[in-house]
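Asker: Start from the sequences, fold in the hints, and give me the full structure.
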Amino acid sequence: MNTASVSLGASVSSQSRIMQLALAALLGIFVVGFVGFSHIDAVHNAAHDYRHSMAFPCH
Amino acid sequence: MNLFRNVVFVAAIAGLVAGIALACMQAYATVPLILKAEVYEKAGGGHHHDHAANTGTSPAMSSAEPVGNAMSSAVPASTEAAAPTEDEGWAPADGFERFAFNVVANIVTGIGFALILVAVSEFAGGIGSWRQGVFWGLAGFAVFTLAPGLGLPPELPAMPAAELLPRQIWWISTVAATAVGLGLIAFRKSLPLAILAVVLIVAPHVVGAPQPVSFETAIPEGLHHQFVVAVTLTDLVFWLVLGAAVGVVRGRFTGTSTSLRDSFA
Chain B
37 MNTASVSLGA SVSSQSRIMQ LALAALLGIF VVGFVGFSHI DAVHNAAHDY
87 RHSMAFPCH
Chain P
19 MNLFRNVVFV AAIAGLVAGI ALACMQAYAT VPLILKAEVY EKAGGGHHHD
69 HAANTGTSPA MSSAEPVGNA MSSAVPASTE AAAPTEDEGW APADGFERFA
119 FNVVANIVTG IGFALILVAV SEFAGGIGSW RQGVFWGLAG FAVFTLAPGL
169 GLPPELPAMP AAELLPRQIW WISTVAATAV GLGLIAFRKS LPLAILAVVL
219 IVAPHVVGAP QPVSFETAIP EGLHHQFVVA VTLTDLVFWL VLGAAVGVVR
269 GRFTGTSTSL RDSFA
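Quick mapping for you: the protein sequence lines, in order, are chains B and P. Using our numbering, the letters of the first sequence map in sequence onto residues 37 to 95. Using our numbering, the letters of the second sequence map in sequence onto residues 19 to 283.
Where hints are given, some of them may not hold.
Derived DEER-like restraints, expressed as beta-carbon distance ranges [unchecked claim]:
#1 P/S208 - B/G69: 28 to 34 Å
#2 B/I65 - P/V220: 19 to 25 Å
#3 B/M55 - P/F233: 45 to 51 Å
#4 P/G143 - B/M55: 17 to 23 Å
No lab work stands behind these hints, which were simulated from the structure alone. A quick note: this is a predicted structure, and the numbers were derived from the prediction, not measured. Don't be surprised by glycine CBs; every beta carbon is placed ideally from N, CA and C.
Answerer: What follows is the structure, given as structure tokens:
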């Protein structure tokens, strides 16, 4: 627990650690990508003001 | 999946806080400008805002698209009136519904950005305090707003723009290159890698973002400039709040308010 006490993942192996962090990052990328970049019209219209306000490519 | 669960937990709280903060700022600073621009857009007959043409679902419209705004008066009113209702599909009603959907979009993507921020920062030892979080937030702002915003400035409805997909590809590539570049500078103490980092950060702008055929628009220059400033500043505050919130929540969560490392580099 020397370094693990200040880590979110106490005592996990380094390989499992990398996998879990990568999974979390991919989940985040998927969420942002879906709301901000999806070509589905309904998604675009729902998040229209957000896309403009975040300077995501829109229209 | 202990670590994954903790990352999601911290990201959810921090993203919720920062997303609500951003939604409040947008309601005050950016959305009123978007609504103003939509007045010009409707007056101009919906040109360029017609994303159906850009997504290729309406080939008849896209052929008229690149000619620019000057053509808007020449486009028959019947196609202009018919296309949006057929192709744009469902949209939230103006007023509260539209506001509510914007808040939801802000919170959801706030959590999404928080997931990326927490996961990446954990590789570098984690964000130990609100102050470290502010620096991580600055990096997020540089990566997700500043760098892509140089080539593709925030745009209002009714403004001319190149095809959607190439712009999205350029945006994502620029974000990725800038993120890797900043990471190399911050975490690799090597001069060749620092030089490579500068190359990575500059390269997307040398290639250049996809630009519209014509920049002519009905939107006044002043309104657009005001919007660019509003977007950039609201995004800056969002990233600072997000980084700081991650630092605070993570500190509470790990039960240690220790300064992990005074330097993030």
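Asker: May I ask which of the numbered hints given earlier this structure violates, with the numbers listed in increasing order?
Answerer: Per hint list: zero violations.
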